[in-house]
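Modelling step: build the complete structure from the supplied sequences, incorporating the hints.
For the sequence shown, the residue numbers in this note's numbering are 250 to 1017.
Among these hints, one or two may not hold up.
Said to hold, decoys possible - Using 25 Å as the maximum straight-line C-alpha spacing, the simulated DMTMM-like pairs for lysine to aspartate or glutamate come out as follows:
1. LYS401 / GLU333
2. LYS401 / ASP337
3. LYS401 / ASP423
4. LYS401 / ASP477
5. LYS401 / ASP318
These are computed hints drawn from the structure, not numbers from a lab.
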Amino acid sequence: MSDLFDFATTLVTAATPLLAGPVGPIELPDIDRLMSSRRTQAESIISYADGSLAGTTAGRLSRWTPLDDLPPLFLQALQASEDERFFDHNGVDLLAISRAAVDWVSSGQLTSGGSTITQQVIKNVMLDASQSLDRKLQEIMLAVQLEAMFDKDEIFEVYVNAIYFGRGQWGAGDAAEVWFGRPWDALSVGEIAFLAGVIQAPSALDPNNNPDQAVARRDYVLNQMYDDGIIDQETREAALAEPLVASERVYEDRVDSWVAHSLSRTLDYYVGEDVAIRGGFVIETTVDPAVQARTTEIVQDYMAGLDGFGIAGMTNLEDGLDETDWAEAQAVLPRIPVGWARGIVTAPPADGSLTVALADGTEASIVLDEQPVAADAITAAVDLGSIVTLSPLPAAPIEAEASEEGANETAEVKPDSLEEDVAAEEAPVRWQLESIPERQVAVVVMETDTGNIRSLIGGYDPGLSEFDRSNAIRQPGSSIKPLLWLAALEAGLEYDQMVLDLPIEVQTADGRWQPANYGGEFVGTVPLFTALERSINLVAARLAYEIGVETFASMAERAGAYPPGEMELVLSSALGSIGTTPVSMAGAYATIANGGVPVRPTLVSSIRDPLTGNAVWQPQPGWGLASTVAEPITDPEFIDHLTSMMRGVTTRGTAARSFASFAHPVAGKTGTSQDFRDAWFIGFTPEMVVAVWVGRDDNQPMGRGDAGGVLAAPLAAELFAMLYEDGVVTQDANWQLLAAREGASGVVGLGESGPSNAGQFTGTGGLY
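What follows is the structure in structure tokens.
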């Protein structure tokens, strides 16, 4: 049987060069590049703008580790669990593929994989993660080529250095330290089996979050090792009985996870893929460490406060669940940051405190008066069996005895004896109730004239999710409207021209489009600047219909909100239905703040070879500008009028409440996507842009009323206040609030022919 499958595999490998994809011949990358660069992989050092360490990133791969430097038992375990026929097949294992097919037919789902280690090398290093038929055929053909050009040990060495082990670790070299805080030669058989299995789903198999799944996967690998004769029965039984205890996740190698993660994704943008894959650079970023630290603190405090500081979304254990069953209890809520704890309320609030049983078997007393939310709110929300999330409070200062020189002073008391020293170390931890927000956040702080990113926040906490939302595509909602208004000004409208706020219905290729205002109300006619301040949807729809979606798209792309030619030409784009990223939106608003001269968001100031000191990449004159010719995208007068309109948004419009007590002029715009899925505020001063997005990763509605003016604008106001307080921003603008001029133009259209890209207009009244 084995010989038959080997023969069939050989036949397939001979035929694969002749295969073509569904849309034509499949182009194959240069496989020599993969193998010739494999021994030059190295970490890249990332620095902040002031030269201090921001972290490290390895681009695609981490420190290269030869096979001889890894335990043979680990290599055997990896082969047993991932590709037990690795040394027998020719890159494609038809036996494994047939088993996977049988599983799929019998169960309706793929319960086992058919990819060989050779195919995984191709997938992890050379191809993207798409699931198309073309990509799968590429993978098979390249695996055949790889097997023909290199021996098994070389391929296996690439594999162990290319796979992702979780916790930011690419490659096996430092995986033991990352997961267990010990070198490879200090690991037990069970721990080695865990590391061989964790690559299947590193986040889901973290023992600190999903202990049952982690143990089950480890046990599967141990059984595979036994079945293949790698370990004997006694060793297997001993390893199965071992407790699986992983270390807490730390970020010593990634001081700033958001910056490191963003660079690992975009390094090839600066230096090219062939150079980026090599790594080993010194990357100097534009990020200001002080601004980054303060932004992080403000964002985390704000997001935790949205959910009531630990009392919102409180979860009670199901009836009959044992308090000690932490595998089930821990699965009820998302992961928590390092240093936090989770506990079960064992006694309801009484005498000003709350008793909580922690996962380590100890008890904690939560003092209600020390919490950031009122005691009666906690009492109303918490009940026996509630699962609470906690973070440690700073240690309380020790009160010194009153003296004649100064009564009631607080002083540091140093223990005079060993007993006092031990007592100080064993002082009980004081805890604060916390929430894990269901909503996520992204923040970009950028210089308006250079595009230099001074702070980049990709989410609530990288310990919970490293996904960088600052570069994620989301619907911008009404935050796109300033670019539509700018296109309308360029097309001939005056800033105080009266426009219609009345229902509109348009027949499009996809059916009738009937936009509506928030609340369903309309007022008839309003000045153009007022329509932006109030973010009136019906006016936006009429503007897009009258000037044409192509005209609007041209302006949005010139400003940098979308790459050239990539904004979909649909009328709903006027209301922000076409997705873009917070970084791109920050760049577009920086263009407005920069007098209309387009700005390119920039995270890197230079990339150098640490051995020679030579620059691998550095900005050329005008790099921060989207064009080497510093020409505005439209008439500066239109930019001035738009900026004054956006000043009205924060003074008397949808963001006025958030900036009511703010002493400095800020121009900006709120945005809310359909069904409250995305909340935005992007604003600027003459020196700095702040872009804020709040939403859910699963793109579900957040709740009625969770609009940009409610969720995003208050956070942006706090960030602008920080920038002024810390002296990062010093310049005030002299933007004037607009008012209707005497004899302002009436309600008129822009042309007689009408737009060419929209359907039949059947609304009431004229377009304006």
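Against the structure, the hints:
no. : hint            : in the structure
1   : LYS401 / GLU333 : holds (13 Å)
2   : LYS401 / ASP337 : holds (10 Å)
3   : LYS401 / ASP423 : holds (23 Å)
4   : LYS401 / ASP477 : holds (19 Å)
5   : LYS401 / ASP318 : holds (17 Å)
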